[in-house]
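So the protein sequences, as listed, match chains A and B.
Using this note's numbering, read the first sequence as starting at 168 and increasing by one per residue.
Using this note's numbering, read the second sequence as starting at 545 and increasing by one per residue.
Simulated from the structure, these hints should not be mistaken for lab results.
It is possible that some hints are incorrect.
Pulled a few chain B residues facing chain A out of the computed Cβ check, cut under 10 Å [said to hold, decoys possible]: (1) Thr-595; (2) Thr-602; (3) Gly-615; (4) Glu-616; (5) Gly-620; (6) Gly-622; (7) Lys-625; (8) Gln-630; (9) Ala-638; (10) Tyr-731; (11) Ser-735; (12) Phe-745; (13) Met-748; (14) Pro-750; (15) Ser-763.
The C-beta atom is built at its ideal place from N, Cα and C for all residues, glycine as well.
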Amino acid sequence: MDNIYGQYGLVLDVNLTSGEIKKTKISKEDLKNYLGGRGLGMKILWDRLKKPGIDPLSPENILMFMPGPFSGLPIPSSSRTTIVTKSPRTSPVTKGYKHASTVSYANMGGFFGPEVKFAGYDGIVVTGKASEPVFLLIEDDQVQIKSAVAYWGMGTESLDKILIEKYGKEYQSCYIGQGGEKMIPYASVLNTAARAAGRGGVGAVMGSKNLKAIVVRGTQQPNLAKHKMYLDLLEKARTTFREDTEGVGYWRSGGTAHALESSSNAGTMAVRNYREGTFKEIEKINTKAARTQIWKRDFACFSCQLACKKSGFAKGAYGGVVHDGPEYETGTMLGANLLISDLAGMNKLISICDDYGIDIITTGGVLGFLMEAREKGMIDLEFLDGIDLTWGNVDACIAMIHKIVRQEGVGKLASLGVKALSEHIGQGSEEFAIHVKGHELAAWNVNTNSQRMMITYGTANRGACHLNSSSPSRQNNNAMQDSLGACSFAGRWYRDDISYRNFIEAITGIEQTDEEFARIGERIFNLEKMFNYREGFSRIDDRMPERFFKDAHTYGQGKDILATHDDYNKWFDEYYTERGWDPKTSKPTNEKLVELGLGFMIS
Amino acid sequence: MKNTNSRRDFLKKLAIGGGGVVILGKYHFLFANQAKDGILKAIVVDFDKCTGCRTCETVCSAFHHPVEIEGETFHGLGNPKLGNIQVYHYNPDADIPSVCANCPDTPCVNACPSEPDPLTGYGAIYRDKETEAIRTNHHLCISCGSCADACETERTGVIKMNPVTNHPEHICDHCGGDPQCVKYCPYEALSFREVDVDKAFFGMSPQKIAEELFERYYSGEEVING
Chain A
168 MDNIYGQYGL
178 VLDVNLTSGE
188 IKKTKISKED
198 LKNYLGGRGL
208 GMKILWDRLK
218 KPGIDPLSPE
228 NILMFMPGPF
238 SGLPIPSSSR
248 TTIVTKSPRT
258 SPVTKGYKHA
268 STVSYANMGG
278 FFGPEVKFAG
288 YDGIVVTGKA
298 SEPVFLLIED
308 DQVQIKSAVA
318 YWGMGTESLD
328 KILIEKYGKE
338 YQSCYIGQGG
348 EKMIPYASVL
358 NTAARAAGRG
368 GVGAVMGSKN
378 LKAIVVRGTQ
388 QPNLAKHKMY
398 LDLLEKARTT
408 FREDTEGVGY
418 WRSGGTAHAL
428 ESSSNAGTMA
438 VRNYREGTFK
448 EIEKINTKAA
458 RTQIWKRDFA
468 CFSCQLACKK
478 SGFAKGAYGG
488 VVHDGPEYET
498 GTMLGANLLI
508 SDLAGMNKLI
518 SICDDYGIDI
528 ITTGGVLGFL
538 MEAREKGMID
548 LEFLDGIDLT
558 WGNVDACIAM
568 IHKIVRQEGV
578 GKLASLGVKA
588 LSEHIGQGSE
598 EFAIHVKGHE
608 LAAWNVNTNS
618 QRMMITYGTA
628 NRGACHLNSS
638 SPSRQNNNAM
648 QDSLGACSFA
658 GRWYRDDISY
668 RNFIEAITGI
678 EQTDEEFARI
688 GERIFNLEKM
698 FNYREGFSRI
708 DDRMPERFFK
718 DAHTYGQGKD
728 ILATHDDYNK
738 WFDEYYTERG
748 WDPKTSKPTN
758 EKLVELGLGF
768 MIS
Chain B
545 MKNTNSRRDF
555 LKKLAIGGGG
565 VVILGKYHFL
575 FANQAKDGIL
585 KAIVVDFDKC
595 TGCRTCETVC
605 SAFHHPVEIE
615 GETFHGLGNP
625 KLGNIQVYHY
635 NPDADIPSVC
645 ANCPDTPCVN
655 ACPSEPDPLT
665 GYGAIYRDKE
675 TEAIRTNHHL
685 CISCGSCADA
695 CETERTGVIK
705 MNPVTNHPEH
715 ICDHCGGDPQ
725 CVKYCPYEAL
735 SFREVDVDKA
745 FFGMSPQKIA
755 EELFERYYSG
765 EEVING
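Based on the sequences and whatever the hints tell you, model everything.
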């Protein structure tokens, strides 16, 4: 057998239907070509789901928890775990298959991925469906499927406390709340009760398998190919972070929350269901407000120098809960987008969503859509089961979130997301149903930077995604980064001497040029694209909500700027061409697939 | 070829290099003697600064569990579980690094029933005259767990019995005077300073410290980072 360094060449394979637990080999070639994390997960997804149209919430779907080659090593900011599956969130315009959907990937920080690596696995692959609620208990080679009946119905906050109490410091866990149990399509998976793999409905897939939690403890680490080179790089990386007090200080002092104010000022914020780009009450929810009223402590993920997690505690009617936030996405989607400026109320909303385990970005999108439909008279109080969803109304948002997760009345419809809601409501509401492929947009608004944001959201393989980036090269880079276990917030420091490529050489022994290394991200992105194409997604599915061609912001920076459909077509033509994809269908050409070593995807 | 670095393997490695490796060069492990100035020192944690990143665990582990490559010894990969310092995580958020307090009255040493070595005068657990750190001698250890019990009931509880060897572990040796955790903590939460039994949190268990921090941060009484 080939020597594999820095990884094990093994995934833990658990079939919850049969109860079979085994280790499955991963080839050295796949580890080289797809690294780990998102990339390796996608390769396994393609290999295992042999036909399109598989119901994402059926036992046939597979759910993967993927650390990367960096995981478990104390390389600064390398804590991420990517969860990969077939999405329960997305659907194409033309449905050839009833359950057609895209790939899904969502990633979380914390401590879970490193522990999976310590347990001796490059990933955990879950298939099938348990007959009753279960959780996985992994202790190196000892793997048990245990009853989770006692945990079913619990929120993530209570469960996290119980697992800490029961298993102690040597174990790490991730889990779903009631959102995942009820298979709310936008349910999330959480680690440490606050770090969420929020997007793409990964929690719903976990719930569909009756899998409440994974608890893991490990004692192993794989040998590295070039140990001394790795130690040199590690020392340099640590020094690089330590010496950049300003850059690191940005994250420690506020992290993404700093963008609440800067984005609002730049007119790039999602405000009033994306109708505007500037929030007039931004000073009530910015970092200064959070620092003085809510934030108590800064916390870091495994071996991270940035400490961007802020534990908050508010006073007053909405106070009394200890929970993270706000950061940029949560503060915008449950703040500015709903015209909520009550910081404590917003923090309460964040804590409720995380406790239930539902995606805060989508939840904010759904609430904003309903508020606008109500304002426009398309739906009334009766439609909303008496919940007075008006702009800025925290209590109404709380009531609606409860209804969504409890699957009561209008909550059941709202739990399907804005695409389904707009199809149900009709009356032209599709124009302000802010989603791409059925996946709601995140907190960065479009109009002020239409070209960048349309490419970012339109071409993301999991449906609208703000982390996708706006050019092929950056998208490829992000796909690679997600496959290392590295955090995108720290990517800017990994250049020159301490490039990701150099770390990979030290860890795995694989020597490659920058061009060869860049191919990895491109390969992963194209593989995802081909999965989606096989499901029936094509160019029309990259379209943007009509709002971004009709409703220019009426005030603030970027006021009156609007893209046209011609602009859109030109930008996307250029994008597909640059990608080596057929501009008509957006399908990667066979030449491109062969060039990337994806010839096996040509049918 | 994979290295299943079980605890046993790590312990073997530790036993091989345990006495005090002195290797010069870039990755030197200098177990040089601390300045013997009669001042008892220990790793002291500023709990307000700790963010729970666990860098301390990894650098401690990497230093104490080196790897040998072609006859040369290097820092290991740093599995955090093998650090002598251990960070306990709680919900609500509090992360508590727990490390040997180097108690002046040594409850662990006092509890040890082993016969001292007649040549050195040291028992299975003792305060080293040179470094003034608490050290162990596994050859004299009878695996009774009295040191761990004493630490657990009277102080931090940092001493644990290794489930494989049944000898005490996690006792801080100050890395011979240049503690790696202090050097590498990105948040300057750790310092190597004179033991002060009157200082808040001295010798307390992580659970008790966490309870006090919950009160400090999350009772609504004051804003810390204002």
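Hint by hint, here is what the structure shows:
Evaluation of the Thr-595 (chain B) hint against chain A yields a held restraint, the C-beta minimum of about 4 Å falling below 10 Å. With 10 Å as the threshold, the beta carbon of Thr-602 (chain B) comes within range of chain A, its nearest partner Cβ sitting at about 4 Å, so the hint holds. About 13 Å separates the beta-carbon of Gly-615 (chain B) from the nearest beta-carbon of chain A, more than 10 Å, and the hint is not met. For Glu-616 (chain B), the shortest C-beta to C-beta distance to chain A is roughly 8 Å, which falls under 10 Å, so the interface hint holds.
This hint holds: Gly-620 (chain B) has a C-beta 8 Å from the nearest C-beta of chain A, less than the 10 Å allowed. For Gly-622 (chain B), the interface hint holds, the least distance from its beta-carbon to any beta-carbon of chain A being 5 Å, beneath 10 Å. With its C-beta approaching chain A no nearer than about 6 Å, Lys-625 (chain B) sits inside the 10 Å limit, and its interface hint holds. Satisfaction of the interface hint for Gln-630 (chain B) is found here, the shortest Cβ-Cβ separation to chain A being roughly 7 Å, below the 10 Å cut-off.
Residue-level restraint check for Ala-638 (chain B) holds (minimum Cβ-Cβ distance to chain A is 8 Å; threshold 10 Å). With a least beta-carbon distance of about 7 Å to chain A, the hint placing Tyr-731 (chain B) at the interface is held under the 10 Å criterion. Evaluation of the Ser-735 (chain B) hint against chain A yields a violated restraint, the C-beta minimum of about 16 Å exceeding 10 Å. Hint status for Phe-745 (chain B) relative to chain A: violated, with the closest Cβ pair at about 16 Å, above 10 Å.
For Met-748 (chain B), the suggested interface contact is broken, since its CB lies about 16 Å from the closest CB of chain A, more than 10 Å. Taking 10 Å as the C-beta cut-off, the interface hint given for Pro-750 (chain B) holds, the closest approach to chain A being about 8 Å. With a least beta-carbon distance of about 8 Å to chain A, the hint placing Ser-763 (chain B) at the interface is held under the 10 Å criterion.
Taken one by one, the earlier hints fail for this structure at numbers 3, 11, 12 and 13, listed in ascending order.
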